[in-house]
Amino acid sequence: MFGYYLKLALISLRKTPFLSFLMVVTIAVGIGAAMTTYTVSYLLAKDPIPSKSDKLFNVRLNSYGPDKPFNISQGKEVPPFILSYQDAINLQNAKRGVRQTPLASFKMMSRATEQPITDAKMTLIRSAYRDMFGMFEVPFKFGGAWDETADKDGLQVAVISNELNNKLFNGENSIGKSLLIGDLQYRVVGVTDDWYPVPKFFDNRTRAFNKPRDIIIPFQAQINNQHWTSSDVSYQCWKEPADDSFLAILASECVWVSYWVELSSAAARNQYMDFLVNYSMEQREYGRFLREPLHQLFNVKEQLIERKIIKDDGNVAIWLAFAFLIVCLLNCMAMMVAKFHARSGEVGLRRAVGASKQHIIAQFTVETFIIGLVGGVLGLILAQIGLSITAQLYSHLYAEMLEMTLSIVVMTIVLAVISAVTFGLLPTLRAAKVQPSSQLKCL
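Numbered per the numbering used here, the sequence shown spans residues 1241 to 1683.
Zero decoy hints are in this set.
Calculated lysine-lysine pairs in the DSSO-like style (CA-CA distance at most 27 Å, straight line): (1) Lys1440 <-> Lys1381; (2) Lys1440 <-> Lys1335; (3) Lys1381 <-> Lys1407; (4) Lys1451 <-> Lys1407; (5) Lys1381 <-> Lys1292; (6) Lys1392 <-> Lys1417; (7) Lys1440 <-> Lys1407; (8) Lys1451 <-> Lys1551; (9) Lys1316 <-> Lys1548; (10) Lys1247 <-> Lys1597; (11) Lys1548 <-> Lys1440; (12) Lys1479 <-> Lys1316; (13) Lys1451 <-> Lys1286; (14) Lys1292 <-> Lys1440; (15) Lys1541 <-> Lys1551; (16) Lys1479 <-> Lys1308; (17) Lys1392 <-> Lys1381; (18) Lys1541 <-> Lys1316; (19) Lys1286 <-> Lys1440; (20) Lys1673 <-> Lys1247; (21) Lys1451 <-> Lys1347; (22) Lys1440 <-> Lys1347; (23) Lys1347 <-> Lys1407; (24) Lys1541 <-> Lys1335; (25) Lys1255 <-> Lys1597; (26) Lys1451 <-> Lys1440; (27) Lys1407 <-> Lys1361; (28) Lys1381 <-> Lys1347; (29) Lys1347 <-> Lys1417; (30) Lys1451 <-> Lys1548; (31) Lys1551 <-> Lys1316; (32) Lys1451 <-> Lys1292; (33) Lys1392 <-> Lys1335; (34) Lys1292 <-> Lys1548; (35) Lys1347 <-> Lys1361; (36) Lys1673 <-> Lys1255.
Bear in mind the hints are in silico, worked out from the structure with no lab data behind them.
All values derive from a computational prediction rather than experimental measurement.
Use the sequences and the hints to build the structure in full.
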């Protein structure tokens, strides 16, 4: 019977091509707008590391001076979200977490050693301890993280991205090859596979949706070689350093190092907080940490919300988009009522020759199913166009990030079909109630 109803539905759609086209487009526009908004909101606000988001913590110490706080938010004092070099090293040496690492950054010209200097490109570079790769579940295509000796001595080794490996070494296994960062030679020990955590929870708010940095070197290598780019570092000082040199920054109370720790449980979180309080009390004996010990640990989700990387009220846009979809569906329903009413004579004739109400309902349901299916496919195309436009309008979003997953594609089609059938139910039931006698009199 489905084949028969399908044939009748296609004949009906061909009889009223303009009205059928309007219904399909109305559904497609609503679906396209709703799914574009949903996809963007979902992809930008999803958990970037679900297996560990409740175990990774950003460490904050209230190390500012006694004269003024780092910041005031809603009438409450807020400690810095970054640490001084001295505090980062002290916490790293204490090793109270499962893993821990400071994170810093700079930018410098880089190139493969075989390339001429004219081919050098300005590159954003991350420095960290080897624990970062395990903490953040960084996948490797070739090689792996450097060893503990490189962490301790600041050896000139590097892990590079797959994208940079393609540019510098034509995608080949580049382990053991060298690249120049500035005038210094670094040996490649690892090449990461494609790795795009979204949002990039461990980075600055303005870079949370950028690609990860192409080069990662040992934190101590940055210190040893005095790699410093003030324009690329978010640093603040409550007490000015002795001079403008990097060594003066290291010896100062300036905060510029992000610090992350991996803990095993909620109990471990409480224990680490106790450790931070005790650490600040010890430092107070040296004339530091003279403010109230408002130290904090933020897990990944808390960090994203607190730094306003994602909004905890981000569902508002989704609700508005789906409200627009409902408006489109109501318009489509009105067109279905008009279309089905115009076919009252056909319905009456079919009822007179033996078709039941159930047969009429089945026939019109198949028709709304086809309208919803075609509208869903067209809406899927419009949604993808919307995502492409969004990626172009917001240059900090890279195109690969705004791609529909298979589950979203399936959900889009299913949503369109269910919406069309649901909102077509009233016109369908009204059509099925047509009495044969009333329509036969008009023939």
